[in-house]
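Trainee: What follows is each chain in one-letter form.
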Amino acid sequence: MSERQIQLEVLRYDPETDSEPRFQSYAVPCKNEWVVLDALNYVKENLDTTLSYRWSCHMAVCGSCGMMINGEPKLSCKAFIREYSDKIRVEPLANFPIERDLVTVVEDFIAKLTRVKPYLIPKEDKPISAGEFKQTPAELMKYKQYTLCINCMLCYAACPEYALVPDFIGPAAIALAHRYNQDSRDGGRDQRQEVIATDEGVWECSFVGACSEVCPKHVDPAGALQQVKVASTIDWYKEHLMPWVKK
Amino acid sequence: MSNKPYVREVSKTTWFLNPQQPRYKRYMAREVTCIFIGAYTFLLIVALKRLAEGPDAFQGFLNALHSPLGVLFNLAALVAAVYHSTSWFNVTPQAMPIQRGEEFVPGNIIVGAHYAVWAVVSLIILILGI
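Residue numbers (the working numbering), protein chains in the order written: chain A, 3 to 249; chain B, -10 to 119.
The following block holds chain A by itself, in its conformation from the complex:
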């Protein structure tokens, strides 16, 4: 089993003692199959128990371990050490306040996610005895890609619009709104449009496309946002030029 010594430079911040973050370097003997999260776990278990970071599944499903690795938003469980040089710099996700070390404050994202109502709002109430809502494979394909979002927030860390305009609802939340709008069983689009078809919604996006480039699950939030823009523009023309046409 091959081993390689790397320098892990971690941005540390203790709100009780530090006025600003500082880098701390650890020498970590890494195995070939390790990811950055393994190196952090090594530090926590062997070198420095005070290091704080979030993680859970270690398999790119839970979305907890997102961080900046050499300046790029990555899931640390998916970032293989062997793909990096001997010095790796790890920082908390950009564009979020730092709670402690690599742990960020994510309340803003959670609040935005809640606002877009990311759940099925059925077109009409149906008693359970009436049976399930049926959907064809083609109807499923229309939105399936967006269901893969794991709320890891890498897209927010990559988005310069979110960095400059914190009110921007942002990539993942709008992509999830789009996921439900595209669902044949859903009837909640009008409610979601009030949140996402606004200045702080899709119209804040200038299609940098960074969100889709960093997405570990290939959700393509940038695509979702542009599709919401197209649909909202069609809505506007229908409303103003053809008011007799129902949406």
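Just so you know, the hints here were simulated from the structure itself, not pulled from any lab data. Check each hint, because a few of them may be wrong.
Heads up, simulated DSSO-like pairs for lysine-lysine below, C-alpha to C-alpha not over 27 Å straight-line [said to hold, decoys possible]:
1. A:146 x A:125
2. A:219 x B:38
3. A:89 x B:14
Small disclaimer: the values here were computed from a predicted structure and weren't measured.
Given chain A, work out where chain B should sit, using these hints.
Mentor: Just chain B now, with coordinates in the frame of chain A:
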């Protein structure tokens, strides 16, 4: 949440120079090219105005276009317009996906269709111009 979260400031004027994010510079390049598109549109409006003022005025406008500065601007505008157009064509599959049954039409067909329409329109303008 702790009562002292640390906020990292992002520069409002130099954010795109972040050396770790070259994609921001590519984005700014795409956005900056629109200045040339706008300037060329303005040039066409000036051409119309000169045309309305009579043959002498229009000839003066054409002479100005043939000056080294006029040629240089046209070349720069062409390069900018090609970069602007291709960078947008290449992202059309994201904005306008086409679903056929359970499959999506491959992105390169959507991009290719844009190039094809561009070529046809350019050809028509070329033929009309000759």
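Trainee: Would you mind marking each hint as holding or not holding in the structure?
Mentor: Quick rundown of the hints versus the structure:
For the proposed pair residue 146 of chain A and residue 125 of chain A, the alpha carbon gap of about 20 Å is at most 27 Å, so the pair holds. Restraint check: the Cα-Cα separation between residue 219 of chain A and residue 38 of chain B comes to about 54 Å, which exceeds 27 Å; the hinted pair is violated. Under the criterion of a C-alpha separation no larger than 27 Å, the hint pairing residue 89 of chain A with residue 14 of chain B is consistent with the structure, at around 25 Å.
Hint compliance for this structure: hint 2 is the single one not met.
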